[in-house]
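Trainee: Residue numbers (this note's numbering), protein chains in the order written: chain A, 13 to 267; chain B, 13 to 267; chain C, 13 to 267; chain D, 13 to 267.
Since the hints were made in silico from the structure, they are not lab data.
Just to be clear, a hint being listed does not mean it is correct.
Heads up, the list lumps identical chains together, so a pair's fine if it works in one copy or across two of them.
Said to hold, decoys possible - List time: in silico EDC-like cross-link candidates among lysine to aspartate or glutamate, alpha-carbon distance up to 20 Å:
(1) K160 <-> D26
(2) K148 <-> E72
(3) K160 <-> D140
(4) K148 <-> D77
(5) K148 <-> E30
(6) K160 <-> E242
(7) K148 <-> E242
(8) K160 <-> D87
(9) K148 <-> E129
(10) K148 <-> D166
(11) K148 <-> D159
(12) K160 <-> E182
(13) K160 <-> D225
(14) K148 <-> D87
(15) K160 <-> E111
(16) K160 <-> E191
Computed from a predicted model, the values in this text were never measured in an experiment.
4 protein chains.
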Amino acid sequence: MSEIPESAIQFRSDVTVELVRSSASDADVLFAARVSTLGEQSLAAASRDPAAAGAEGADELLPRDRGLINFLMRDRHGTPFEHNSMTFYVQAPIFVFREFMRHRIASYNEESGRYRELRPVFYVPAADRNLIQVGKPGAYEFLPGDDKQHQLVDQTVRAASARAFADYQEMLAAGIAREVARMVLPLNIYSSMYVTMNARSLMNFLSLRRHVDGAAFPSFPQREIEMCAEQMEAIWAGLMPLTQAAFIGHGRVAP
Amino acid sequence: MSEIPESAIQFRSDVTVELVRSSASDADVLFAARVSTLGEQSLAAASRDPAAAGAEGADELLPRDRGLINFLMRDRHGTPFEHNSMTFYVQAPIFVFREFMRHRIASYNEESGRYRELRPVFYVPAADRNLIQVGKPGAYEFLPGDDKQHQLVDQTVRAASARAFADYQEMLAAGIAREVARMVLPLNIYSSMYVTMNARSLMNFLSLRRHVDGAAFPSFPQREIEMCAEQMEAIWAGLMPLTQAAFIGHGRVAP
Amino acid sequence: MSEIPESAIQFRSDVTVELVRSSASDADVLFAARVSTLGEQSLAAASRDPAAAGAEGADELLPRDRGLINFLMRDRHGTPFEHNSMTFYVQAPIFVFREFMRHRIASYNEESGRYRELRPVFYVPAADRNLIQVGKPGAYEFLPGDDKQHQLVDQTVRAASARAFADYQEMLAAGIAREVARMVLPLNIYSSMYVTMNARSLMNFLSLRRHVDGAAFPSFPQREIEMCAEQMEAIWAGLMPLTQAAFIGHGRVAP
Amino acid sequence: MSEIPESAIQFRSDVTVELVRSSASDADVLFAARVSTLGEQSLAAASRDPAAAGAEGADELLPRDRGLINFLMRDRHGTPFEHNSMTFYVQAPIFVFREFMRHRIASYNEESGRYRELRPVFYVPAADRNLIQVGKPGAYEFLPGDDKQHQLVDQTVRAASARAFADYQEMLAAGIAREVARMVLPLNIYSSMYVTMNARSLMNFLSLRRHVDGAAFPSFPQREIEMCAEQMEAIWAGLMPLTQAAFIGHGRVAP
């Protein structure tokens, strides 16, 4: 086995979420909903420049606008929340991507281990990551580990990552195809992707991938995908503040 | 039956398609595709202001950019064409909407005959609309009617529309619920909706709803939905000219 | 206008729902869910003949089986409810099909007004159909009409249907294409289709298309699509009784 | 690091695909397609016992039945191929599952590394697995490795798998949560799942995940997912032989 020093490996304990493109505002919900009752008269509102509306902020929306968004959320009228789009760039370990891509109402393009050599960036749990699991399937609770446990995880993950990457490099150096060599890489290696969703799909994602007290339906996501979800929700709240407020107000149930 | 003069009814022979919102450019295809081979380095390109790029037009894209879009289209790599969004406002007769909404990878909000009184706008075939159907299911051809046939269709459709709308009005005036009264309205009454799609979904729609010589798979859409498709394609070609050119160049097969 | 006596027209006030094919049992939920915790050991249960299990009825399932289905429903673990399939044949008026086909997670094939001459079968509201709408959008209530209102609706709908069908026949007789002639037909003409869904998709449909007291999220469907939903739910309850019981028990919220 | 002998690990070079449930026959395509032209008369054919029809085999279908299936495939009428369902049980390495689950029109339930301890079963390339990659992205070709390369891959993969599993076991033994400990496991560990698809979705999968000479659109799948696809296609061909023959006959293009 060729030797790759651990120092050549980059270890991270976080995830990256950046908004790359979006066409998403609370006003988009309103014009879509109002076609039901106003028909062609909804077009005037729809055609207002959303960027201008955004510049003014949510304050420009009227109380009846807030009321409509709340009504739609409460009674689960979902389609008006679909006429918008957000594209995120995400870097996270592969075990997070495995869960992420189970969400079928979204568009994905991911870095390919067949087309490129993967970079030596690996996830290692931070000191405040809970390590102990108690309870039974469906209702696990996670608690902090002790120092010894943290040390074990930290050392084991770092060493295993470095060794696996050395194996990968050795096979590549011997002319083995990337798609074959990569199979020794562990699930904590980072990958990157673009994911595009609308607000309805995002609310479904958030309802399942965050654990928030007071939610009507409790969820128990793995911490690392929740870290993605938290960042996505913060970005979305900036784009569609009234919609996010209504989502919270109605128990974080996706309409 | 109360009398409503035909003159109170609006007859149209066209459809309306307007672009309400979009976040869609050829550059969106490129950054999504390049994450496969470039990973995090694709982000620099992705983060360029697409509006600025759009202002420059497609000329700013390099030959290798065109080549990549062509390659993706030819080999049916579909997902890079999904990271974009277009919202159209459409007015068309209900028989068109019936076909339109069979396309499941899109978001719809439509004027509701339960929530509002429908307006007296009806479709009547124009003088150049083919009226005669020859051939067998799956391969029909449509040919012009003679003067007498055109006159029959024109008069029958106008009279039937006016009578049906009078019946509708009479029931509404008697206090009947809109959702009940509307059932006498014919399929040629206009409705309106917002529909949001990405380019991949739109290409699927266009491949089935336009009849274009030279297409790899022939389609035989009803003329009236094809009128929608033509306008949608023209708008899309303005937003994503290289993608549309590649779509045409590869036989109008949705990737 | 050629005369078609009303007696040549068939009027109905009901809808038809028949189960054509199914592969759907409570046991299908169990094996799919248990792969999470049992992996390959779930296959033994999965491979038991579901027909045999069905013959025995739900009584064969153990208390822990009921408990698992309840847990999945309560915590909105939806995917185990997808590994099954039901194909229904439905006859209903077109205004019902318009609402039905807005449900995108289903497969549809419908009788075509382009490929065949439509039959003179029309919907007319039964004597017990509520005719009066009170309240505001999103929270309408429907109340019985008086005798005069019922008489008006009955006479108007019957006469309008007969006249429209006569217009349709006259244009067909003059050689006009079916797809053109049909545009004068009203929304209460019957169509027929096959629709295939899994239990998760069906629960979403039922949660929106039935109004049931005690549901966690109230819905206000038009009565005629609710008539379809009632029949579909009765058939489904026969196939997957524990799943349907859990659906009811948890507020008719689709997982 | 605790020592786990390689002999305690199970190494495989194949994948498992079993049909668990199905409701899928060529006759299902026919009744769904014929509702377009026959309406309610299609129901008689639909209601024939498909098991009985299956017992007779495809020979019972008439030449016009074959003709209809061929027509639908050729002209890309896709929906009649959706009214059927197949549930497969699949065991394969995680790098295969990663590709598999990018297919969004399917239902998945997979063994969970959060809910259960994963078993020590790992993939190692067989002697006949091509190891060398030539060409450029999008058109790679794979060629056999030499003996030395095969030996390197075999030894490296086996040793890496054993070491990673030992790390996993050591962390579990120290009380670390499964969801944390698993992150050192490599992409060649096996998982298991149930996947449910209809024939249209399966054809899309097969068109992309098998490389077959003569296909209208060439694909370059990784060999290991192609091994799954081959088995799925063989099972499907037994259930729907005319449909599969038409798929092949028309260039393996999913309708």
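Trainee: State whether the alpha carbon distance between K148 and E30 is at most 20 Å within one copy, between copies, both, or neither.
Mentor: neither (35 Å within a copy, 30 Å between copies)
Trainee: Since the copies are identical, ignore which copy is meant and state whether K160 and D26 lie within 20 Å (CA to CA) inside a copy, between copies, both or neither.
Mentor: Classified as neither; 22 Å inside a copy, 40 Å across copies.
Trainee: Are the CA atoms of K160 and D140 at most 20 Å apart within a copy, between copies, both, or neither?
Mentor: Within one copy, since 14 Å is at most 20 Å while 45 Å is not.
Trainee: Treating 20 Å as the Cα threshold, decide for K148 and D87: within, between, both or neither.
Mentor: between (33 Å within a copy, 14 Å between copies)
Trainee: Check K160 against D225 for me: Cα-Cα at most 20 Å, and say if that holds within a copy, between copies, both or neither.
Mentor: neither (31 Å within a copy, 55 Å between copies)
Trainee: Go through the copies and call it for K148 and E129: within, between, both or neither, with a Cα cutoff of 20 Å.
Mentor: Intra 40 Å, inter 13 Å, cutoff 20 Å: inter-copy only.
Trainee: Evaluate K148 and D159 at a C-alpha cut-off of 20 Å and name the case that applies: within, between, both or neither.
Mentor: For K148 and D159, neither the intra-copy (25 Å) nor the inter-copy (49 Å) Cα distance is at most 20 Å.
Trainee: Pop the pair K160 and E242 into one bin, within, between, both or neither, using alpha-carbon distances up to 20 Å.
Mentor: neither (29 Å within a copy, 48 Å between copies)
Trainee: Pop the pair K148 and D166 into one bin, within, between, both or neither, using alpha-carbon distances up to 20 Å.
Mentor: Neither. Shortest intra-copy (26 Å) and inter-copy (38 Å) distances fail the 20 Å Cα cut-off.
Trainee: State whether the alpha carbon distance between K160 and D87 is at most 20 Å within one copy, between copies, both, or neither.
Mentor: Result: close neither inside a copy nor across copies, 50 Å intra and 35 Å inter.
Trainee: How would you label the pair K148, E72 (within, between, both, or neither) given a Cα cut-off of 20 Å?
Mentor: neither (48 Å within a copy, 26 Å between copies)
Trainee: How would you classify K160 and E111 at a CA-CA limit of 20 Å: within, between, both, or neither?
Mentor: neither (29 Å within a copy, 37 Å between copies)
The earlier numbered hints that this structure contradicts are 1, 2, 5, 6, 7, 8, 10, 11, 13, 15.
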